[in-house]
Amino acid sequence: NAGVTQTPKFRVLKTGQSMTLLCAQDMNHEYMYWYRQDPGMGLRLIHYSVGEGTTAKGEVPDGYNVSRLKKQNFLLGLESAAPSQTSVYFCASSPPREGANTGELFFGEGSRLTVL
Amino acid sequence: GESVGLHLPTLSVQEGDNSIINCAYSNSASDYFIWYKQESGKGPQFIIDIRSNMDKRQGQRVTVLLNKTVKHLSLQIAATQPGDSAVYFCAEKRGGYNKLIFGAGTRLAVHP
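So the protein lines, in turn, are chains B and G. Letter by letter, the first sequence follows residues 9 to 124 of this note's numbering. Letter by letter, the second sequence follows residues 18 to 129 of this note's numbering.
Read the hints as simulated data drawn from the structure, not as lab findings. Do not take every clue at face value.
[Stated by the list, open to error] Computed spacing ranges between beta-carbons, pair by pair: (1) G:ALA126 - B:SER92: 41 to 51 Å; (2) B:SER92 - G:ALA46: 23 to 33 Å; (3) G:ARG68 - B:SER88: 15 to 25 Å; (4) B:PHE18 - G:GLU56: 17 to 27 Å; (5) B:ASN81 - G:LYS85: 15 to 25 Å; (6) G:LYS59 - B:GLN80: 44 to 54 Å; (7) G:GLN98 - B:ASN81: 13 to 23 Å; (8) G:GLY76 - B:ALA64: 38 to 48 Å; (9) G:ARG68 - B:THR15: 42 to 52 Å; (10) G:ALA46 - B:SER88: 17 to 27 Å; (11) B:GLY85 - G:ALA95: 24 to 34 Å.
The beta carbon of each residue, even a glycine, is placed where N, CA and C say it ideally should be.
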């Protein structure tokens with residue numbers, strides 16, 4: 009089972025360049041998320057989506073855009089990369105549910121982005 | 018692997034001992050509290066959660082305790098094993114859509 013797959017796993021950009029990170033999940037989950045993780049800090053939510061065609065801002069959305077054209081895919085775009093966006097990016101998905109394992113997100117293995 | 022915890026607090030324990038990882042939270046409105054484990058080079062993995070109206074929940078070798086009076090959450094791991102070595106994050110769920118707010122993390126190092 010693939011679960012949540014992120015591509016690419018590594019990327020180096022120059023300041024001002026653009027790029028897109030792709031997240032794909034094969035669990036038919038409604039909800040998808042993009043987080044960034046920086047040294048010494050926990051994960052911070054960038055954007056999320058509660059269904060195909062919908063997106064919403066998280067804690068740190070500035071400088072990023074997202075799209076959810078298909079239920080299984082969630083794309084994170086950087087239009088003009090800045091050194092402050094150097095980070096490890098994690099995509100996650102979850103089904104909507106209450107009760108057992110309510111807070112369970114399924115994470116990909118991360119994409120390390122370096123902006124020079 | 019990814020170096021995402023360069024300056025994290027570290028808990029060092031001997032194999033076979035019990036481990037207690039602590040977390041303070043700030044928002045009384047959170048309805049669930051969750052623990053995640055992150056091994057080097059991997060994404061976080063769900064361990065256990067607890068609803069805000071409970072004070073204890075047990076899983077396999079793990080127990081989560083919630084003290085709402087002092088806004089404190091802890092994860093107890095029984096008979097710690099080398100495979101438990103990882104960074105552990107607490108998280109709060111606030112509102113709908115499973116949006117989680119993560120703490121900074123604690124590194125657990127298990128020594129033989």
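Structure-based check of each hint:
Checked against the hint of 41 to 51 Å, the C-beta distance between ALA126 (chain G) and SER92 (chain B) comes to roughly 31 Å, which is inconsistent with it. Between SER92 (chain B) and ALA46 (chain G) the beta carbons are some 30 Å apart, a value that agrees with the proposed interval 23 to 33 Å. Taking 15 to 25 Å as the suggested C-beta distance range, the pair ARG68 (chain G) and SER88 (chain B) does not conform, at roughly 42 Å. Our hint of 17 to 27 Å for PHE18 (chain B) and GLU56 (chain G) holds, since their Cβ atoms are close to 18 Å apart.
Roughly 39 Å separates the CB atoms of ASN81 (chain B) and LYS85 (chain G), a value that falls outside the hinted 15 to 25 Å. Between LYS59 (chain G) and GLN80 (chain B) the CB atoms are about 21 Å apart, so this pair departs from the stated range of 44 to 54 Å. For GLN98 (chain G) and ASN81 (chain B), the Cβ-Cβ distance of about 37 Å falls outside the hinted range of 13 to 23 Å, so the restraint is violated. For the pair GLY76 (chain G) and ALA64 (chain B), the supplied restraint of 38 to 48 Å is violated, since their beta-carbon distance comes to about 31 Å.
Against the hinted window of 42 to 52 Å, the Cβ-Cβ separation of ARG68 (chain G) and THR15 (chain B) comes to about 36 Å, which falls outside the hint. In this structure, ALA46 (chain G) and SER88 (chain B) break the distance hint of 17 to 27 Å, their C-beta atoms being roughly 36 Å apart. Hint check: GLY85 (chain B) to ALA95 (chain G), Cβ distance near 45 Å, so the stated range 24 to 34 Å is violated.
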